[in-house]
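Chemist: So you can see what is in the structure, the chains are spelled out below.
Protein chains: 2
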Amino acid sequence: MISRAFYPHRTCVGETIVFDGEQGHHFARVLRVRVGEEISVAANGEPFLGIVEDVDGKAGLVRVRITSAIEPHETATKVFLVQGLAKGDKVETVIQKCTEVGAAGFAIIGATRSVVRLSPDKADAKLERWRKIALEAASQSQRDIPPTVHYFENANTLKPWLAELQPDAILFLDEDERALGLRNALQRYPRVDSPRTFVVVVGPEGGWDDKERSHWVEAFGALRISLGPRILRTETAGAVGVAAVLYEYGELGG
Amino acid sequence: MISRAFYPHRTCVGETIVFDGEQGHHFARVLRVRVGEEISVAANGEPFLGIVEDVDGKAGLVRVRITSAIEPHETATKVFLVQGLAKGDKVETVIQKCTEVGAAGFAIIGATRSVVRLSPDKADAKLERWRKIALEAASQSQRDIPPTVHYFENANTLKPWLAELQPDAILFLDEDERALGLRNALQRYPRVDSPRTFVVVVGPEGGWDDKERSHWVEAFGALRISLGPRILRTETAGAVGVAAVLYEYGELGG
Numbered sequence: 029m030i031s032r033a034f035y036p037h038r039t040c041v042g043e044t045i046v047f048d049g050e051q052g053h054h055f056a057r058v059l060r061v062r063v064g065e066e067i068s069v070a071a072n073g074e075p076f077l078g079i080v081e082d083v084d085g086k087a088g089l090v091r092v093r094i095t096s097a098i099e100p101h102e103t104a105t106k107v108f109l110v111q112g113l114a115k116g117d118k119v120e121t122v123i124q125k126c127t128e129v130g131a132a133g134f135a136i137i138g139a140t141r142s143v144v145r146l147s148p149d150k151a152d153a154k155l156e157r158w159r160k161i162a163l164e165a166a167s168q169s170q171r172d173i174p175p176t177v178h179y180f181e182n183a184n185t186l187k188p189w190l191a192e193l194q195p196d197a198i199l200f201l202d203e204d205e206r207a208l209g210l211r212n213a214l215q216r217y218p219r220v221d222s223p224r225t226f227v228v229v230v231g232p233e234g235g236w237d238d239k240e241r242s243h244w245v246e247a248f249g250a251l252r253i254s255l256g257p258r259i260l261r262t263e264t265a266g267a268v269g270v271a272a273v274l275y276e277y278g279e280l281g282g
Numbered sequence: 029m030i031s032r033a034f035y036p037h038r039t040c041v042g043e044t045i046v047f048d049g050e051q052g053h054h055f056a057r058v059l060r061v062r063v064g065e066e067i068s069v070a071a072n073g074e075p076f077l078g079i080v081e082d083v084d085g086k087a088g089l090v091r092v093r094i095t096s097a098i099e100p101h102e103t104a105t106k107v108f109l110v111q112g113l114a115k116g117d118k119v120e121t122v123i124q125k126c127t128e129v130g131a132a133g134f135a136i137i138g139a140t141r142s143v144v145r146l147s148p149d150k151a152d153a154k155l156e157r158w159r160k161i162a163l164e165a166a167s168q169s170q171r172d173i174p175p176t177v178h179y180f181e182n183a184n185t186l187k188p189w190l191a192e193l194q195p196d197a198i199l200f201l202d203e204d205e206r207a208l209g210l211r212n213a214l215q216r217y218p219r220v221d222s223p224r225t226f227v228v229v230v231g232p233e234g235g236w237d238d239k240e241r242s243h244w245v246e247a248f249g250a251l252r253i254s255l256g257p258r259i260l261r262t263e264t265a266g267a268v269g270v271a272a273v274l275y276e277y278g279e280l281g282g
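Here the protein sequences line up with chains X and H, keeping their order. Positions in the first sequence are counted from 1; adding 28 to them yields my numbering. Positions in the second sequence are counted from 1; adding 28 to them yields my numbering.
In case anyone wonders, no lab produced these hints; they're calculated from the structure. It cannot be assumed that every hint is accurate.
Since the list gives no way to pick out one identical chain from another, each pair is judged satisfied if it fits inside one copy or across any two copies.
Straight-line Cα separation of at most 30 angstroms, DSSO-like style, residue types lysine-lysine; simulated pairs [stated by the list, open to error]:
1) Lys160 with Lys150
2) Lys160 with Lys118
3) Lys154 with Lys115
4) Lys115 with Lys160
5) Lys115 with Lys239
6) Lys154 with Lys118
The structure presented is a predicted model; accordingly, all values stated were derived computationally and were not measured.
Hey, can you work out the whole structure from these sequences and the hints?
Modeler: See below:
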């Protein structure tokens, strides 16, 4: 199965839809889909299979007839990742991997110990790049909805995002914490009918400083969480945290 | 805390030990530890803290006085990863990430759909490189015991390794499986006093072919396992599988 195409409108079985713009270009010219090929499509968050009916390589247009609806690939439990800004392409790796695992969205946040600083211009360019990576990873991993990606200069500017999410818990991964492991923490949030929302928080390479740590705990009510005595790199911790939460709620295949 | 030094013999609090060879060189000349600095040491699999008493940069010697024993960083539940040989540096990424997460060892295995083929010479060189990466990742993540790394040409030559491990279950991650999720599979192996051993099996980029799949199930008694409807890359699946198993048995911080 080739990567999934994202269509911004609703559709239904029997309808024919046309991909143009970036998606059309990508499928017609980069992936070079062929007439008669089966393709998976997420239309406005709903997954379908379709058959390619026409490809115009020059114009970057692909016409697809929708043949069947398929099971949803999104998790009911929503896990968002707050990732402290890290250097190099680490944030890109985090977004790619966690999108595959099933993260619902990302907030990249400047931290006291972040080695990189982003000027507003640079932040805009980075954000565009990160969103592209989230879209590509969502396509490759057959997600129905590409994760959202936001950038915040610090925890204060992130506050409205957090307020809107209203998570059941903010799981602040902390290598100095020993008392509360992730599994014990999640036992406080048993499975219920209405799906839960969690935020997993991972620091930059150097971790959070004491002031940031207190802010998350006192102002945001975050739980300081241990993932055990082994030290995870910043680019590994997010995927492990997101995977463990989704596992707990039966979202990794039940 | 700087990376952990591995000492091949037993030691105890009060003793003074000397690192020479590669470890001595690494700590004296690359990490440039200083006299009086605290350092963590795993001696024959047991973790300690120590104080650097002397550094000879030229000779690559570091003398450390052992000051205290610390809690073990190894998991009681052992999870081994079988990784289908993948191209580029993907196997290196897998070994690095899964070592951080806590994998006990790795078997890299040639698969029908592996794009790369390793001649015996090349396999030896690769194996040396993979073991170095496991050692470095074990040092950085503060493991007590660096994971083992083996290479097998195919599932037949891997058989004795598997026989020696006697795992409770072989968890064969399979994107074509929908019935049995990892969490439901692990419910068959409740926590008991004697720690359990699992093998997680991940295919190369193109997955396993039908013959390999049957071989794992019929000859080795592997369970075909789903991690859900989202498609994980080969370099992501191992870390997710290992993390989820360790999470289930309370090894990610309890």
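Chemist: Need the list of violated hint numbers for this structure, in ascending order.
Modeler: none
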